[in-house]
Every structure is written in C-alpha cells, then in structure tokens.
Amino acid sequence: MSDDLLEVRGLTVEYVAEGGSVRACDDVSFTVRRGEILGVAGESGSGKSTLITALTRLERPPAVTTAGQILFRPHGVAEPIDLVPLTEKQLRKHRWRDLAIVMQSAMNALNPVLRLGAQFTDVLRHHDRGLGRAGAERRTEELLSLVGLTAAQARSYPHELSGGTRQRATIALALACGADLVVMDEPTTAVDVVMQRQILANVLRLRDELGFAVVLVTHDLSLLVELADRIAIMYAGKIVEVGTAHDIYHRPSHPYTAGLRASFPPLHAPVERLHGIPGTPPDLRRLPSGCAFHPRCPKRFEPCDSVVPRLSAVGDQEVACHLHSHDRSEVVDA
Amino acid sequence: MTDPMMASEAALAEPAAKEQTARPRRRTSYLGKRLGFYLLVTWVAVTLNFFIPRLMPGDPATVMIAQITQRTGQPPNPATVESIRLLFGSPDQSLITQYWGYLGQLIHGDLGLSISQYPVPVADLVMSALPWTLMLVGSATALAFVIGVGLGILVGWRPGRGLDSVVTPLSTVVGVVPYFWVALLAVWIFAVKLRWAPVSGGYAPDATPGFNLPFMASALGYGALPVATIVFSAFGGWVFGQRNMMVTTLSEDYVLLARAKGLPGWTVMLRYAARNALLPSVTNFALAIGGLVGGSLLTEIVFSYPGMGFLLFDAVSNRDYPTMQAVFLLITLTVLLANFLADSLYVLLDPRTREAS
Chain A
1 MSDDLLEVRG LTVEYVAEGG SVRACDDVSF TVRRGEILGV AGESGSGKST LITALTRLER
61 PPAVTTAGQI LFRPHGVAEP IDLVPLTEKQ LRKHRWRDLA IVMQSAMNAL NPVLRLGAQF
121 TDVLRHHDRG LGRAGAERRT EELLSLVGLT AAQARSYPHE LSGGTRQRAT IALALACGAD
181 LVVMDEPTTA VDVVMQRQIL ANVLRLRDEL GFAVVLVTHD LSLLVELADR IAIMYAGKIV
241 EVGTAHDIYH RPSHPYTAGL RASFPPLHAP VERLHGIPGT PPDLRRLPSG CAFHPRCPKR
301 FEPCDSVVPR LSAVGDQEVA CHLHSHDRSE VVDA
Chain B
1 MTDPMMASEA ALAEPAAKEQ TARPRRRTSY LGKRLGFYLL VTWVAVTLNF FIPRLMPGDP
61 ATVMIAQITQ RTGQPPNPAT VESIRLLFGS PDQSLITQYW GYLGQLIHGD LGLSISQYPV
121 PVADLVMSAL PWTLMLVGSA TALAFVIGVG LGILVGWRPG RGLDSVVTPL STVVGVVPYF
181 WVALLAVWIF AVKLRWAPVS GGYAPDATPG FNLPFMASAL GYGALPVATI VFSAFGGWVF
241 GQRNMMVTTL SEDYVLLARA KGLPGWTVML RYAARNALLP SVTNFALAIG GLVGGSLLTE
301 IVFSYPGMGF LLFDAVSNRD YPTMQAVFLL ITLTVLLANF LADSLYVLLD PRTREAS
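Chains as they are written, first to last, in the UniProt record's numbering: chain A, 1 to 334; chain B, 1 to 357.
Don't read these hints as lab results, they were simulated from the structure. Where a beta carbon is used, it is the ideal one built from N, C-alpha and C, also for glycine. Please note that the accuracy of each hint is not assured.
As the list claims (entries may be wrong) - Computed beta-carbon distance windows for the label pairs:
id: 1; chain 1: A; residue 1: S162; chain 2: B; residue 2: G109; range: 51 to 57 Å
id: 2; chain 1: A; residue 1: R60; chain 2: B; residue 2: V44; range: 20 to 26 Å
id: 3; chain 1: A; residue 1: T150; chain 2: B; residue 2: W266; range: 54 to 60 Å
id: 4; chain 1: A; residue 1: K89; chain 2: B; residue 2: S344; range: 38 to 44 Å
id: 5; chain 1: A; residue 1: V64; chain 2: B; residue 2: S304; range: 45 to 51 Å
What the hints assert, rightly or not - Residues from chain A that face chain B, not an exhaustive set, calculated with beta carbons under 8 Å:
id: 6; residue: Y15
id: 7; residue: T121
id: 8; residue: V123
Said to hold, decoys possible - Facing chain B, from chain A, some residues (calculated, C-beta under 8 Å):
id: 9; residue: F30
id: 10; residue: T56
id: 11; residue: S105
id: 12; residue: L110
id: 13; residue: P112
id: 14; residue: V113
Model the full structure from these sequences, guided by the hints.
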C-alpha cells in the first residue's frame, strides 16, 4: 500500500451549535493513491465541502473535527503523518508544499488589492527562502503559462481578469510549490461550460505531467465520470459508494448513485426522459433512522429504516446498502 | 474516457490578449475627474458664501459699518468700507461687479477686517489660529486612528478571544462618554488636582512664539492634555469599526486561501485581512480630517486653546460676522479637501475603484 498518498479513517466533522451539534461528515473513510483523481459527488448539504475543508485542516468554528485520522504521506516522508492532531504551526510546514487547495469561487479566492503575481511570489518565496524576487517572478510566469496565461496577466488585479482566467490562475497557484495533493472544491461552478471543459482538460494534462493527486468535490456527477479515476458518492455526511468512474457510471450499486446517474443526460446517446430523485436531502439535525436515504429510496425493504448500513466491499466497489450486504448483523440504530 | 475534452485544449491561450488594460492612464484620468469635481464644488461653496449675506434681510454691510463707527468713535476709512461692501453687499453696485470684486479679494487672501478686534484683518486672525488647531486636532486624529485601527486589527483577528472580550466593550463605553465631560474631568484631575499639566492656553506666557526650543517645548506641554482627551474619546470608534470590518473580512475566501498557502500568521493578518479591512477606516480617516478645523470647538473652549474653535467661539459671542464667515469658508474648504484626499487614497489602496465612474 505504499502508493497510498492519503488515507482518511473515520473522519467525523461536526458543526457545534446550541442545542446539539450537526454531523456534516460522519465516519468518512477513503484512500487516495499517488497521482490519482478522486471525485466526491453529492447533493448540496451532503457534507462534501465540509470534507474538503477538514481534509486541508482549514475548518473554522463552528466546524470541529471530532474524530478520525487523516494519514498523509507526502514525498520524502517515510511514516505517514496524521494531520488531525497537528497544530497550525506544524501544519504550516505542509501547507502548499505538500497540500494545496483550489477554492470554489475564484472570484473571492484572490486578494482583490494585490496583483495576481504578488499572490504567487509571496507563497513561492515563503516556502523557498533562497528564491529571490526575480526568480519568483520567473517561476510565476512558468506557472501561469502552464494554464495558458501570460506574464502580462501577472501584473493584473483579480478584478481585471475574467472568471475563467481567475479560476485557471488559482489552479496554477495551487501547483506553485509542487504539492502532492491538490483538493478542489467545485472548481468550475463559476464558469461556463466551455471554460469548464478547458479548465478540466488542463487539470488532467497537468496531473499527467506533474503527477499530483486530486480530490475533486462537485455536485456534477457527469463531470466526474469524465475526469476522475475513482468516485466517492456522499449522502447526508456519509460515503455511500466508492468505485471506479467506469463502474459508478455503468454499474451503480447504491440506489442513490443510480438516481444521481439517471438525473444526468447520457454522454454518447440521444437525450431521453431524465429522472430526478424524489424528495429532498435530509435535514442533518434530524436524520432518518437506519439508512439516511431510505425515505427516498425506491428499493427500500425491511432493514433499511432501522439498521445503518456499513460501507463494505462488493467486488471492486465499496457500497453502504442493505441490498448488497451479506451480513445483516450490523449496528442497530437506537 | 477523457477524449471528448481534449479538443478544446487548443483554445486555451486565446483569451489572454483581451484582458490587458492601459492602467496608468486610467488612474490619472480618474483623479483628474475627481479633481475637476472638487474644483467645481469649491466654486459653488465660495459663491454661496457670497450670496448668503446678500440674502439676509436688511443691509448687513451698513449695520457693520455702523458697528465699527460705534466701536471706534469714527467712521471707517473708504478702503475698509469698499472691502465690507464687497464682502457683504452693496446697494449701489450690480451683483456681477460685486461678485468679481469679491472673488478678486478672496484670491488675494483678503477676508475683511475683524469687527471685534477692529482693525485687525480677519486673515491675520485666521493665520495665527490655524496652525494651533492643525497641530492639536491633526496629531490627535492621527494618534486616535493609529491606536484605534491597530487595536481593531488585533482584536478583530481573534474575535471573541481574550483581548477582544476586554478591549471591545471598553472602547465602546469610552466612546459614548460625552467629550466635554471627559475634557472637564481631565482638566480637573490632571491640571487642577495633580498639577501635571497647565489648566489653559497654548503655550507658557513667558515663551516667545517662533522657532525656538523653549516655545516649542511649552507648546508640546500645553498641547498634551487636550490631545490626550481627544484621543481618549475618539479611539474607541476606530477600534469598533476596524474590528467589525476585520471580522467580516476574515470570512472571505482569500483569507482562507492565504492560510492554506501556509503563510505566517502576521502576513495573513496584515497583507490579506487587514489590507482589505482597512479600506473603510481609511475613508473615515480622510473624512475625519474634514473635521480638523471645525471639530475642535469643545476642546479649545475647555482648554482656552488659541485655535480656530476658540476664534469662532469668540466671533460668535461678539457677532463678528467677517470672522465667522471666514471660519465657515475654511471649514467648508477643509471638508472638501478631506473628501478629495479620501477619494485619492482609496484609488491608491483599492485597485477596483480605478475603473469606477
């Protein structure tokens, strides 16, 4: 298992509030291999953005990581490091050098009063003390050219750039210090479909050239099917299915995955009637008993409203669904 | 699986050229426009200043000449009469002629003669009072801004923690205490009881005003207490405003990204959070400069400080219209200047405004 870059075990993130806390991520476990693109898909409120901030240890109160491990093995480190107990100061050594992030909205992710180039050079020079100003500027130009931007754009302020340009710039920024893992939180929601494709094509090409791994979170399953190596499906704070993009698309095992899959037009076939998933995502403060999806599930049966299904291997995939569980002696929900 | 995406790869470099802009020209043209606007408003203010006494019922100029005659026992000389007529209206001349004469007089710095201290020119009174006020209120405003905004940045960086829970409520309480009460209390405690500072005045009576050490030292000593009272009353507002802006800015994605970049805490706090959270405070600071001349009334009355506020107070008590008018004109001009300063500063600090208007 030495090619595992990241191993998340039982990660639980809660929003602490008066009158009880809300579990936005509940016992989430998965692995990311070196150079792999792992897609995380789910509806709004499924906890996928919370997962991203928890992975990068950027969660802010009231969000608190209450349990679990984030075992991270960046290059040049023999033993995996658990990111969860690290202090901010200890984390700072890994930030950007090993672990970088692309934010949801490039509009707001860049400091409006600093030129684009300055937001590259400050991080470059912070992580490489020997790098002079000229060296940092040269490196900035190289990085920008990776995503098809010019040196002239480094002298622009963020508001002078289009949404797509800004988003490509934040991707270039994430690559500045050669991180092993780049997490992306819906990096293409703010741009149009054409730009979306260009950006994702860029990400794929750069991943092939530079070999970083990506955890990409989005609600757009069809996008992940094209881009990701493996896909994890989240529902109500839990991962309900993990599998290769091919399997998720062609052989979804969980009824929720099948529902998501059916809500998107097919890739290479005439558009037929699409089916949504009836109902709405559950309120995390009042989760349904048993499987959280059971009130919306077309295939629910006797154990679904009382027993919480656990994520377990079914062939190459992992599924948390009673339809696929061989052993029903699971935790009985109180 | 990825094939359909690669076709668009070639189009990547294309949008680069369009986004280049002629930035330096834009900045000057923006400032040029603002400058033009302020020159226009200045002209309007000066013109209003011309019309207001002429709109008063009766003939203020005649009343004034009578007042001077009464005070000095003889009618003023023809040149003075002419000047008063220009400033306050003449029944014999056309409005246009008067207006040109008035503008000419203003440009030469002739603001008429004071009535209460006849025949001292108003310009002389203003020129001797202005430096005192500028030094007093200027240094107090700057100090309050630096202390208040600095504290605001610090407490806003960690809202709800130790420093915030002490400084913020305290600065709010201090900010709402009426200023005159603070000033009187300060005089009573520090000047009367403890005798650490002089009770009133701008400098020791035995010092000769000018560029000499004894005078400047005594001016500093006399100014310390009034400055301290202004800073005490004003800094709380800065703390509060800056803290709240800081808290708002902290939730911005670019601050989170700066943290994700692993930049040191100070860099994130100052270069990313405070640099953006400072913008409204800078505007407010420039606007506070507008209150420089007019806002020192209470301080100068409590401390009998020889500045503009005291001059105005004196002029009002003695119905010295030429002096009052000059002070009002100066207050208007300071406010305009401060607004212009605020605009210009904002352009320097926030690149986004360079495109506006």
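Hints and how they fare:
no.	hint	result
1	A:S162 <-> B:G109: 51 to 57 Å	54 Å, holds
2	A:R60 <-> B:V44: 20 to 26 Å	50 Å, violated
3	A:T150 <-> B:W266: 54 to 60 Å	32 Å, violated
4	A:K89 <-> B:S344: 38 to 44 Å	40 Å, holds
5	A:V64 <-> B:S304: 45 to 51 Å	59 Å, violated
6	Y15	15 Å, violated
7	T121	12 Å, violated
8	V123	4 Å, holds
9	F30	20 Å, violated
10	T56	6 Å, holds
11	S105	6 Å, holds
12	L110	6 Å, holds
13	P112	6 Å, holds
14	V113	6 Å, holds
Of the numbered hints stated above, those contradicted by the structure are hints 2, 3, 5, 6, 7 and 9, listed in ascending order.
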